[in-house]
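Using the sequences and the hints given, assemble the complete structure.
Residues per chain are reported as follows:
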Amino acid sequence: MTSTAHIDVHHLTRVEGHGNIVVNVSDGAIEKCEWQVPEAPRFFESMVRGRHYSEVARITSRICGICAVGHTLASVKATETALGIEISEQSWKLREILKHAENADSHVLHAYILVAPDLAGAPSVFPLVETMPEVVACALRLKRLCHEWGSLIGGRTTHPTMVVPGGMASVPTTKELAELKDKLIAAVPDLQATLETVKALAPNVPAFDRPTEYIGLANDENYGLYDGEISSILPDGTQQRYPVADYKLVTNEFVVAQSTAKYTKNKTDSYAAGALARFNNNYDKLVPEAKEAAEALGLAPICTNPYMNTVAQVVEVVHSVYDSLRIIDELLETGVELEPLAEPTRYGKGANSVEVPRGILFHEYEYDADGICQGGNCIIPTNQNHNNIQHDFNALVPELLEADKSEEEMELALSMLVRAYDPCISCSTHALDVKFVR
Amino acid sequence: MRYLVGLGNFTAGDDAVGVHVIDHVWAHGLDRGFSAIDLGANAMNLVSYLNEETEALLVVDATQLGREPGEYVIFTPDQVETQKELAGISTHEGDALKVVEMAAGAGYTIPPIAVMGIEPLAMACGTLELSERLAERVPEYTQAAIDYLLKM
Numbered sequence: 001m002t003s004t005a006h007i008d009v010h011h012l013t014r015v016e017g018h019g020n021i022v023v024n025v026s027d028g029a030i031e032k033c034e035w036q037v038p039e040a041p042r043f044f045e046s047m048v049r050g051r052h053y054s055e056v057a058r059i060t061s062r063i064c065g066i067c068a069v070g071h072t073l074a075s076v077k078a079t080e081t082a083l084g085i086e087i088s089e090q091s092w093k094l095r096e097i098l099k100h101a102e103n104a105d106s107h108v109l110h111a112y113i114l115v116a117p118d119l120a121g122a123p124s125v126f127p128l129v130e131t132m133p134e135v136v137a138c139a140l141r142l143k144r145l146c147h148e149w150g151s152l153i154g155g156r157t158t159h160p161t162m163v164v165p166g167g168m169a170s171v172p173t174t175k176e177l178a179e180l181k182d183k184l185i186a187a188v189p190d191l192q193a194t195l196e197t198v199k200a201l202a203p204n205v206p207a208f209d210r211p212t213e214y215i216g217l218a219n220d221e222n223y224g225l226y227d228g229e230i231s232s233i234l235p236d237g238t239q240q241r242y243p244v245a246d247y248k249l250v251t252n253e254f255v256v257a258q259s260t261a262k263y264t265k266n267k268t269d270s271y272a273a274g275a276l277a278r279f280n281n282n283y284d285k286l287v288p289e290a291k292e293a294a295e296a297l298g299l300a301p302i303c304t305n306p307y308m309n310t311v312a313q314v315v316e317v318v319h320s321v322y323d324s325l326r327i328i329d330e331l332l333e334t335g336v337e338l339e340p341l342a343e344p345t346r347y348g349k350g351a352n353s354v355e356v357p358r359g360i361l362f363h364e365y366e367y368d369a370d371g372i373c374q375g376g377n378c379i380i381p382t383n384q385n386h387n388n389i390q391h392d393f394n395a396l397v398p399e400l401l402e403a404d405k406s407e408e409e410m411e412l413a414l415s416m417l418v419r420a421y422d423p424c425i426s427c428s429t430h431a432l433d434v435k436f437v438r
Numbered sequence: 439m440r441y442l443v444g445l446g447n448f449t450a451g452d453d454a455v456g457v458h459v460i461d462h463v464w465a466h467g468l469d470r471g472f473s474a475i476d477l478g479a480n481a482m483n484l485v486s487y488l489n490e491e492t493e494a495l496l497v498v499d500a501t502q503l504g505r506e507p508g509e510y511v512i513f514t515p516d517q518v519e520t521q522k523e524l525a526g527i528s529t530h531e532g533d534a535l536k537v538v539e540m541a542a543g544a545g546y547t548i549p550p551i552a553v554m555g556i557e558p559l560a561m562a563c564g565t566l567e568l569s570e571r572l573a574e575r576v577p578e579y580t581q582a583a584i585d586y587l588l589k590m
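Line order of the protein sequences matches chains A and B.
Heads up: the first sequence begins at 1 in the working numbering, then just goes up one per residue.
Heads up: the second sequence begins at 439 in the working numbering, then just goes up one per residue.
Keep in mind that the hints were calculated from the coordinates and are not lab data.
Please note that a few of the clues may not be correct.
With a straight-line Cα cutoff of 20 Å, these simulated SDA-like cross-link-like pairs (lysine to any residue) come out [unchecked claim]:
hint: 1; chain 1: A; residue 1: LYS183; chain 2: B; residue 2: SER486
hint: 2; chain 1: A; residue 1: LYS183; chain 2: B; residue 2: LYS589
hint: 3; chain 1: A; residue 1: LYS183; chain 2: B; residue 2: GLU491
hint: 4; chain 1: A; residue 1: LYS32; chain 2: A; residue 2: VAL22
hint: 5; chain 1: A; residue 1: LYS183; chain 2: B; residue 2: TYR546
hint: 6; chain 1: B; residue 1: LYS589; chain 2: B; residue 2: GLU490
hint: 7; chain 1: A; residue 1: LYS405; chain 2: A; residue 2: ASN24
The following label-pair restraints were derived from C-beta to C-beta distances [to be verified]:
hint: 8; chain 1: A; residue 1: ASP368; chain 2: B; residue 2: GLU567; range: 16 to 26 Å
hint: 9; chain 1: A; residue 1: PHE254; chain 2: B; residue 2: ALA562; range: 26 to 36 Å
hint: 10; chain 1: A; residue 1: LYS183; chain 2: B; residue 2: ALA562; range: 32 to 42 Å
The beta carbon of each residue, even a glycine, is placed where N, CA and C say it ideally should be.
Okay, here's the thing in structure tokens:
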């Protein structure tokens, strides 16, 4: 058994934002075991105060460079709830396709670029360009597909412009939708290749189980990425649903000293959000092709290994492609036309939610009689996962010590665990930093 | 097609100068002969424009050049080496140059690419506006970028 270990990972790499891993073990006693989040709050809720309802989503979409679609959708949906706006079936379907595109886009990035290096024993994706060029090429092809997929519906995938309160500001033509359908069908070989790659790397996924509560959106019709009630499922299969309006009764935010991000908890000490949580809550609503993919990859509900979140993400990519094909067929059958935006029927307070790649996302706003925002609240999924990561650490570190793992092995195991959650801790700056050589 | 691409985190002050340039193009209807793209902080989506159909691509991004804040330089990727220590690439950790490098390694056709690097003054998170020094020069950056792109 390992009796001494000192791990201090300052700004863990291959996650979105900054987080630290600190573990101190002396004479077999765990003195410190922490997942620390040092990011500064960004006060988006204050930025939206005093803004007209038509501007709010354009601001909150900037919360994240990856989940900009999700933040736009959650923001617009919350505004529509607050203003009593009902959108058309066509707008609903287009938004569902857009949601699929964002999830697939982010999952491809995470699985291929951020996680695959760990499973392939590489320090980053860059060595894989030489050792596994076809895998990297496949990843980039899928990334491009997802960008085009989302751009067609959203106008652009980064901070989309077409999703507005009341519906869609613009819609694709049936010809463009038919072309998107062709592109999605043409991507099936790349999906198959992705499944083969993940299957080959799956034996390297660490074996670790910690039963916890899993929370995500769910409804009776589909997988619940765009809409639903809050659903909680426990490892024994106990499932409970809550209205989205009661989201604060589920999230129960609280603060801890080691994190600038708030923690959350519901029925158990912590809960997980994200692809694995959705999979555990909504397995029955996956399309058959996604269920087959899950079976091929050894993923079955209720899975309590957090490392399998990445595998669940890959299953969701398959689901998003095939479910989008279904929705596109429905739209091609009915035809698509630009519709007038639905108008507000009242001004007040409203909360709503969507599933973003990292889990369930809540937005809430209050508007005065002129449609000016008086206040807002956003609870992002990564914050909901921090507490669960900490509890995973608490369970995993003793197991690693008992298994006589070295500091390096422990550091890798803990780093991989955090990466499995695909945390998007906060947006940071992205400026280039260069030196002229010519 | 020629593309003018703005990169940056819109909530981090001068980090978003590239995005503000694109906003300026749209606000004044200057996108004639090229397409203006706001990629925000998602440099990975540059791969969508790395192909035979792209005649030229100019990326506008905040760049730590060691110059006076507000100064800009237009350079090609082969003229510089990144100073970032990257263990991977993501929307937060990567940069445009790394995306181009990875795509080239994966066999992508890389069109003529240049970067307009603008030295930032302040990049504090939670700041929606550019610093005054950069904000007043956005029209100048925009015109210089367009002139360069159309001659590439």
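Each hint, compared with the structure:
| no. | hint | result |
| --- | --- | --- |
| 1 | LYS183/A <-> SER486/B | holds, 14 Å |
| 2 | LYS183/A <-> LYS589/B | violated, 33 Å |
| 3 | LYS183/A <-> GLU491/B | holds, 17 Å |
| 4 | LYS32/A <-> VAL22/A | holds, 7 Å |
| 5 | LYS183/A <-> TYR546/B | holds, 19 Å |
| 6 | LYS589/B <-> GLU490/B | holds, 18 Å |
| 7 | LYS405/A <-> ASN24/A | holds, 14 Å |
| 8 | ASP368/A <-> GLU567/B: 16 to 26 Å | holds, 25 Å |
| 9 | PHE254/A <-> ALA562/B: 26 to 36 Å | holds, 27 Å |
| 10 | LYS183/A <-> ALA562/B: 32 to 42 Å | holds, 40 Å |
Of the numbered hints listed earlier, the single one contradicted by the structure is hint 2.
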